[in-house]
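Participant: The lines below spell out each chain.
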Amino acid sequence: MLNAKLTNKLATVMFWAIGFGILSILAWFLWHILSAGLPHISWNFLTRKPEEMIAGGGIGPQLFNSFYILFLSLLFSIPFGIGAGIWLAEYARKNWFTDLVRLATEMLASVPSIVFGLFGLLVFVTTLHLGYSIIGGALTLSLLNLPVLVRVTEETLRAVPDSYREASLALGATKWQTIRKVLLPSALPGLVTGVTLVAGRALGESAILIFTAGVSVSRFAPDLNLFASGETLSVHLWYVRSEGLVPDATQIAEGTAALLVLVVLILNLLIALPSRLYQRKMAGKSS
Amino acid sequence: MTTIATQDKIRVQNLNLFYGENQALYDIDLSMQAGSITAFIGPSGCGKSTLLRTLNRMNDLIASVKITGEVLVDNQNIYAPDTDVVSLRKRVGMVFQRPNPFPMSIYDNIAYGPRIHGIKRKRDLDEIVEKSLKQAALWEEVKDRLNKSAMGLSGGQQQRLCIARLLAVDPDVLLMDEPTSALDPISTLKVEELTQELKSRYSIIIVTHNMQQAARISDTTAFFLNGVMVEHGETDKLFTNPGDQRTEDYITGRFG
Amino acid sequence: MDIALKETPSDDRTSAPPSWNNRRRRTDRVMHGLFVGSAAFVSLIIFSIILFVGSQGVKTFTDVSFFQFFFSLDWTPAEHQFGAGVFILGSFLVTGLALVIAVPFAVAGAVFMSKIAPSWMREIMRPATDLFVGIPSVVYGLVGLTTFVPIIAKLTGTAGFGVLPAALILAIMILPTIISVSEDAIRTLPSSLEEASYALGATRWQTIGKVLLPAATPGILTGVILGMGRAIGEAMAVQMVIGNAPLLPKGVAEPTSVLTTQIVKEMLNAPFGSTLSNALFLMSLVLLLVSLSLILIIRIVARRRSV
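First to last, the protein sequences are chains A, B and C.
Position 195 of the first sequence, counted from 1, bears residue number 195 in our numbering, the numbering being contiguous throughout.
Position 144 of the second sequence, counted from 1, bears residue number 1144 in our numbering, the numbering being contiguous throughout.
Position 67 of the third sequence, counted from 1, bears residue number 2067 in our numbering, the numbering being contiguous throughout.
Source of the hints: derived by calculation from the structure; they are not laboratory data.
The reader is advised that the hints may include incorrect statements.
Computed, partial: chain A to chain C, Cβ under 7 Å [what the hints assert, rightly or not]: (1) 4; (2) 18; (3) 83; (4) 107; (5) 119; (6) 122; (7) 123; (8) 126; (9) 176; (10) 204; (11) 206; (12) 234; (13) 260.
Keep in mind the model is a prediction, meaning the values are calculated, not measured.
Heads up, the beta-carbon is just placed ideally off N, CA and C, and yes, glycines get one too.
In isolation and in its complexed conformation, chain A is listed as follows (with noise of 0.2 Å):
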């Protein structure tokens, strides 16, 4: 009896020192990040372009792209991802269509993004000859953002309660408006959370748009043209550290690594704030 004190009081020990040292390994890996790119963060290194041989360039367009391709990629994911996701908690029966659906989606969910960039090499870069483009880099991005889509709103969607289902149906609306104004308006804060999630994750993969997207700017950066190559934050992140010849290699990637967590940390932020708002307003507190 005594023996299993002991080794209660242990384990006990045991468990809080690890318990400590996940958590400072996580405050030390962002305190590294952060300590050692921050201050090579300024105005002219977010806005100027990167220089190839000299000291001294900045993001700018990389910066720029890493937006645009976010934003385009979003806007061809969000709509099928999301009828996708509707459609498996709002109308799929059980059948082998719904398991197929589901199986596919969860495959698609594990695919390294390595392969997702392969796939885009091979369809849209080569295939449909679009090159190393924004456009490329984009849609493949968008196959990486769809399973997560599907599943945050399928998720989103049954954690409505059937209630408003019945009351809305029972006034006579059709199924799509059900959807469309009282569904969809409260499951709009989880919607929010799942896309900023799927922004996050976007945002920093690199490995997808090395093969898509390339690795160099548009000599007319900030370029909307969508055939122009486009090579993002997290790219120029990998490309100067590991085949770049500018000097100051080592201090544009941790600039660049510290603005890419900072940006993380803002989306987390983000994740947070509205849909407590939101939730706030429904409840109806306000009066």
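Assemble the complex: chain A is given as a structure, and chains B and C must be docked to it using the hints.
Facilitator: Chains B and C only, in chain A's frame:
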């Protein structure tokens, strides 16, 4: 020839209902007149709510349900293949056990039905909202906060809001599935008074656990047991002089 | 109260213009069609990926034998040697090592978070792990490059690139994934299990080790497999620290290469349609099939749990 010309608002003929393999309703035959209140009573699981939900085809939402027989509303079989379920539900509306307002403003809750049925003019909507809330005896309590969320109302107010929301689509028949079971006694009284005021213009069918409630408000009462309709008749007669031993046992409290 | 004006159905204001019902019924059908279409389209993607990447990949076998590709360790494209054995072995080796490092920490961390940590600490750890799932892999690679590689170089007297820094950085990357899935599995166990154990006089450690962990094993296993999938498919972070030499490593601090990193290294310079390019497609097909079989394993584990 399946339709017989009668004065019945709703006529249920030889209705059987199955959840998958399990039969929940057996050979129900029942008719209800316009402008009256019919109460369905019986112990839990007797099939009274299930029957109520067949009358506006809310059971369609459950995939495993199979139905045989007919339900005639104004002499039209609502289970005929060419039935438009959406317009059926507009004519035969439903109030649920728990108040289920949408997470929107009071105004938008009431205007929801008219809007989905194609009414867009603000002036028309205003008029419908006011009239429906007045009919549901809620207007005086909420007229100054129509743009506040309906979720902030009390349970009894929410239920009357749901009734007002239903009246706004101008149905002929109101189905009420234990509408007061989640309410306090005063709110219950208000809803009961409301049914009396509405019954001249609507056919009302109310499922209730509460026999006193059935006795207070209904014109006819149907008693159900294990999926079978044991007896249907005028409320006074059924409660004072039931025709079936099982009915008597139930209303005298021997089981249930 | 004025309630005397119930209109007859024919002239009432709430009835719509006659075309309205048809129009909204048509809209309803069209939207249903669009949703089914979206679902079918999403499902189609995975099969077209398998088909396109696969058909490009198997073209390798017109020039290279099946046996050579899978079992030869000699990758010298200039001399037409396309043995991917090193990369296949390397992928499993690095992933296995990452799991060995990460799993004990992750499971203990999950137990700590769900059963031991006070709520304020849980409030910190949950968003923190979520945050780390979202950090870009190139950032992980950079940290590996600027911290682990120099330390290992100093300790071993090598260049510092190789299996060990790759496994370490992968371990950190998959830690949050395994923690959050396992924590979920432990937290959602019925509390009656725990109560029963305590009521028999078991200590917390005995309850965790003998009751909670065994009961949560399927969920923890799912987390481990998800982490494994993430590790084996990770390209950029590993590519930055592994050294990228197509050789079997002789020690943990020796450079090697894995399926993903070899693709990153050579694809941009491989002419489309060349044997090299096809062989790289074949390698990505192998990766894809490994990832898909992991999904199947998760499904089997989940089914066993529900029985």
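Participant: If a hint holds in the structure, say so; if it doesn't, say that too.
Facilitator: Now for the hints, and whether the structure bears them out:
no.	hint	verdict
1	4	holds (5 Å)
2	18	holds (4 Å)
3	83	holds (3 Å)
4	107	holds (5 Å)
5	119	holds (5 Å)
6	122	holds (5 Å)
7	123	holds (6 Å)
8	126	holds (6 Å)
9	176	holds (4 Å)
10	204	holds (3 Å)
11	206	holds (5 Å)
12	234	holds (5 Å)
13	260	holds (5 Å)
Taken one by one, the earlier hints all hold for this structure without exception.
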